[in-house]
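Engineer: Residues per chain are reported as follows:
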Amino acid sequence: MSWDTLLGRPLRVINIGLELFAQELEADGVTVVHVDWRPPAGGPNVAALLARLADDDLES
Amino acid sequence: MPVRAEVWRSFYQDSMVLMRLAAELREHPGVRQAAALMGTPANRQLLAAAGLAVAELQDAAPGDLMLAVDAETEGVVRAALEAARTFFDRRHREREATGRALPRTLESALRVLPDANLAVVSVPGAHATLEAMSALRRGLHVFLFSDNVALDEEVELKRFAASRGLLCMGPDCGTAYLGGVGLGFANTVPRGRVGCVAASGTGLQAVASHLATLGEGISQGVGVGGRDLSDPVGGAMTKLGLELLVADPDTRVIVLISKPPAPAVMAELETIIRAIAKPVVVCCLGAGPGAGAAGHRVATLEEAAAAAAALARGASWSARAFTDAAGVRARLARQAPDRRRRGRLLGLYTGGTLAHEARVLLEPLLGAIGSEAAAEAERIHRILDLGADEFTRGRPHPMIDPSERAARIREAGARPEVSVLLVDLVLGRAAHPDPARPLAAAVRDARAAAAQDARALAVVASVVGTERDPQGLSSQIAALEAAGVEVFPSNAQASRFAGLLVKPELEQAMLVGAR
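Order-wise, the sequence lines are chains A and B. Heads up, our numbering is the position in the first sequence plus 10, with the first residue counted as 1. Heads up, our numbering is the position in the second sequence plus 117, with the first residue counted as 1.
Keep in mind that the hints were calculated from the coordinates and are not lab data. Given the structure is predicted, the values throughout are model-derived calculations rather than measurements. Backbone N, C-alpha and C fix where the C-beta goes; we use that ideal spot for every residue, glycine too. Please note: incorrect hints may appear among the correct ones.
Rough simulated footprint, nothing fancy, chain B against chain A, three-plus residues with beta-carbon under 8 Å [unchecked claim]: (1) 12-23; (2) 26-34.
Among chain A residues calculated to face chain B with C-beta under 8 Å, some are [unchecked claim]: (3) Val40; (4) His44; (5) Trp47; (6) Ala58.
Have a look at the derived ranges for each label pair, beta carbon to beta carbon [to be verified]: (7) A:Pro20 - B:Ala214: 25 to 31 Å; (8) A:Asp14 - B:Ile389: 19 to 25 Å; (9) A:Gln33 - B:Pro454: 48 to 54 Å; (10) A:Glu36 - B:Arg195: 20 to 26 Å; (11) B:Arg451 - A:Glu36: 42 to 48 Å.
Construct all of the structure, not just a fragment, from the sequences and the given hints.
Structural biologist: Shown next, in the form of structure tokens:
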């Protein structure tokens, strides 16, 4: 198991959800990008289907 | 009494932002109730139950913001709704001032930060699996704070994460530390040489804070969520977390923190722990002494920290009921001069693992302890976890919003059968900015109500936190002590002292031989 992406490297964070967490990480000096997340139109199921299609693209 | 509501279409805001807004609106003189919630069916029901359902809200969608205000006059209602507009204008201006446009998806965020190594996910539970899985598929470790994620989805997420060698910390993971950085509800603790794997957020907070008091620190604190050690999940992330700590050169001692794992999972973990060359402290609260078990078994969170600190220093260590037995005798003399207090113990906790620890310690001493809020439970000792789902529906966690517990403390002051209140106070990032203040105020009221009735109400507490936390440990303790609260250095000691107050004959067993 390689832990290269975590051990001995600073955290670089993508924050999805509560903005407070991004603000607190920034205050700690952590590089963080906050995602302005909204619930997908059509609800989680449609979103899951779309994501699966997108991820298939990612892996092909 | 006018109740007015507005729906702001397609105006999603996260729950902490809405909580702050609702709190600001409630501060307006003349406002009786105010709510700011997204338009989910569950939230519409909540508003209806609170008497805030008006026609305007009926067709609100989950992406729409619902604002509802109940106030003494129309003028106050209008002013409160105007204040909501000002609140969001202010946020909008603050965001504009940073000059950064926020990405709307994980993919676009990765274009801004292509070498990201962690996703922190705290979206509502129904959407959490999707976001976490997207992050895992892109090679990111995940801290998954969201709760209300189905068990089978957790199994799928963790199976996938483990196959890629990625941490999926959660769902329902309250706290973690990676490379010295606290995530979620975290106390400010020094970096150090003790690594933790924890299926309990407040358990990790307590151990990390005790270690800080002992002059030690945390290398990594891998949170795994409370269900990781169940049969279906099989300890997937606990095992991976242990691998990380074995590989981490900064970790000298490992601590495992959880409730008792499923037996099959525990058997697997025992085999893994025996093969680890670093010392491993095992704190499975309520699992019993475990003769011949792997690792160094301890019974409390405080002992876990003490054992880890001693092992890191190559020193010896032994468990004690109280760190200051003479002090306990003095406190007993103060709180129960005639040793005849008796009555019922009521535990009102914000930390679930702390409530569990108190129960595990006290049930062998006091007999069965109830956990229901129901009034018919008044003839038995009770310990309530106010962070449990049944108490938090539609309201923030009691570590953030102290009002529910404060109300229950005041109510307890009027109950003749309750003689001892046992509470926790959890400091740290994301917690209430000054939780001792509302707790002390409620304690003063409850004790005054009891005194009017010629009764004495003892209040016993412990505080999880450090001096470097935003709230400051010693000032929070001082505020509680000024209200007459007996504050102990750990939840275990506070629980034992509360037990002594309701059952004085325990004194012999607990204090004899103690120095």
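Engineer: Once the shortest beta carbon distance from A:Trp47 to chain B is found, is it less than 8 Å?
Structural biologist: Where the cut-off is 8 Å and the nearest Cβ of chain B is about 6 Å from A:Trp47, the hint holds.
Engineer: Honestly, do A:Pro20 and B:Ala214 meet the 25 to 31 Å range at C-beta?
Structural biologist: 26 Å Cβ-Cβ, so the 25 to 31 Å window holds.
Engineer: 42 to 48 Å was suggested as the range; check whether the CB atoms of B:Arg451 and A:Glu36 agree with it.
Structural biologist: 46 Å, holds
Engineer: Please check whether A:Val40 passes as an interface residue: C-beta within 8 Å of a C-beta belonging to chain B.
Structural biologist: Because about 6 Å separates A:Val40 from the closest Cβ in chain B, which is inside the 8 Å limit, the hint holds.
Engineer: Could you say whether the range 20 to 26 Å given as a hint is met by the Cβ separation of A:Glu36 and B:Arg195?
Structural biologist: For B:Arg195 against A:Glu36, whose Cβ atoms are near 36 Å apart, the range 20 to 26 Å is violated.
Engineer: Are A:Ala58 and chain B close enough, Cβ to Cβ, to be under 8 Å, as the hint says?
Structural biologist: It holds, given that the least Cβ distance between A:Ala58 and chain B is near 5 Å, below 8 Å.
Engineer: Quick check on a hinted range of 48 to 54 Å for A:Gln33 and B:Pro454, using CB atoms only.
Structural biologist: 50 Å, holds
Engineer: Using the nearest Cβ pair, does A:His44 come within less than 8 Å of chain B?
Structural biologist: 6 Å, holds
Engineer: State whether the coverage of the stretch 12-23 of chain A by chain B holds or is violated, taking the criterion as 3 or more residues with Cβ-Cβ distances under 8 Å.
Structural biologist: holds (count 10)
Engineer: Does the beta carbon distance between A:Asp14 and B:Ile389 stay inside 19 to 25 Å, or does it fall outside?
Structural biologist: 22 Å, holds
Engineer: With a C-beta cutoff of 8 Å, work out whether three or more residues of the stretch 26-34 of chain A approach chain B closely enough for the coverage to hold.
Structural biologist: holds (count 8)
Of the numbered hints stated above, the single one contradicted by the structure is hint 10.
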